[in-house]
Each structure stands twice: as structure tokens, then as C-alpha cells.
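Engineer: Chain by chain, the residues:
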Amino acid sequence: AQRVTQPEKLLSVFKGAPVELKCNYSYSGSPELFWYVQYSRQRLQLLLRHISRESIKGFTADLNKGETSFHLKKPFAQEEDSAMYYCALSSRKLQFGAGTQVVVTP
Amino acid sequence: GAVVSQHPSRVICKSGTSVKIECRSLDFQATTMFWYRQFPKQSLMLMATSNEGSKATYEQGVEKDKFLINHASLTLSTLTVTSAHPEDSSFYICSARGTNYEQYFGPGTRLTVT
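Each protein sequence line maps, in turn, to chains Y and F.
According to my numbering, the stretch in the first sequence is residues 223 to 328, in order.
According to my numbering, the stretch in the second sequence is residues 88 to 201, in order.
Certain hints may be false.
[To be verified] In silico lysine-lysine, DSSO-like type, Cα no more than 30 Å apart, as pairs:
{"#": "1", "chain 1": "F", "residue 1": "LYS101", "chain 2": "F", "residue 2": "LYS153"}
{"#": "2", "chain 1": "F", "residue 1": "LYS151", "chain 2": "Y", "residue 2": "LYS279"}
{"#": "3", "chain 1": "Y", "residue 1": "LYS315", "chain 2": "F", "residue 2": "LYS142"}
{"#": "4", "chain 1": "F", "residue 1": "LYS151", "chain 2": "Y", "residue 2": "LYS315"}
{"#": "5", "chain 1": "F", "residue 1": "LYS128", "chain 2": "Y", "residue 2": "LYS237"}
{"#": "6", "chain 1": "F", "residue 1": "LYS101", "chain 2": "F", "residue 2": "LYS128"}
It is worth saying that the hints were derived from the structure and are not from the lab.
Start from the sequences and build out the full structure, keeping to the hints where you can.
Structural biologist: As C-alpha cells, then:
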């Protein structure tokens, strides 16, 4: 069965500090993984996907098949990064992790 | 960019009544739309997948007779909560998948059943 695990419900970091959001998955095939972000009072939007290997808003995520992880990282957190972040795995449908609330304090 | 709208944004209805929520892809055609439910401080749970012109596929544990889904055109899907009860109160979110297979999410509909 496929599963997405985000172990941290809340991450509180200071502005300028590095931030890493953990995501682990279980899936028998070749996974397609995503990070979605939901800012306060806004809709869910795609942040990045592993196949594009791009950096969006300073965030990067590397798929590690050996560790079955897809952690999201940013070297210097900004206040505008405060949001809810969801890791998701796609087979025939998107399955979301429980989400991690990131709070960046000045 | 691709935009998905939902209407209404919030609705209050009495127990036992039915309420319809619309999901529209405004500037692209969506052969597949998805309906999610989100409880406070929890993740999105997929309820069903709807393909234009065919019956929706419901996830395990979702009552298809209670949550009626219609996907009559490439830009519109509707979710009707029939005989609503207070436990149906939730945040309902739709998404639409375009030809690039990316999913675009609507802003959600807050349903409160009194």
C-alpha cells in the first residue's frame, strides 16, 4: 500500500535559519512525488515536483529512493514561507501526507 | 495560469437538506476532476475521482449515494451532499487535472450543517 508520512506537525524556525521538512513514502513502483504549499487563506498550490528537479522560491527536494524520502529544504527561511506544506505521492491519484505547519519568526 | 473555481465558498444548510457544490476549470479543459474533504488541522482526503462523461470512482468508505458527483462537461463537476447531517460539515476541495497532468486546486467550500 502507498503511504506518505510527514512526521512533523509543526516546525518553528527563525528567519534566515535553514528549514527542512521531512517526507517519507512507501510505494511499490516508481514514485512521482510532489510538495504542495497552502498559504493562509489561499488555495493549495504546487511548489515543486521531483521529476523537474527545479528550485522554487529557494526550496529544493531530492528524491532518495534508498531512504524512500523526499525531504524539502531551504537554506534561509523567510517570513513569507510560513504556510502549511504537504508532501504528496502520485500513482493514479494524489495521496497527501498529514502536512507540516511552518512558522518563520523574525 | 490554470484556474479552478468553486461555488459557493461557504454554505450553511439544515440537517436533512441537500446542497450542491460546483467546481469549474476556468481556462482549461479537465477530463478528470477530484473531490477532497479536509477536516480542521488535517490533510486532504480523496473522496472520489470523476471523469467527464462517466461515473465517478469513489474511495473506500465514501458513500456514493450520499455524495453524488456529476461531471457533465470538460469544465464542470458538481458534488451534491444529500440528506446532509452535522457530521458532513467540513471543507470540500476540488481539483482539476489538465492535459499536462498537473492538478490545479479550487479554493474550497466550507459546508456547515446545522
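Engineer: Taking the numbered hints from earlier one at a time, note which ones the structure violates and give those numbers from smallest to largest.
Structural biologist: Hint 2 is the one this structure does not satisfy, whereas the remaining hints hold.
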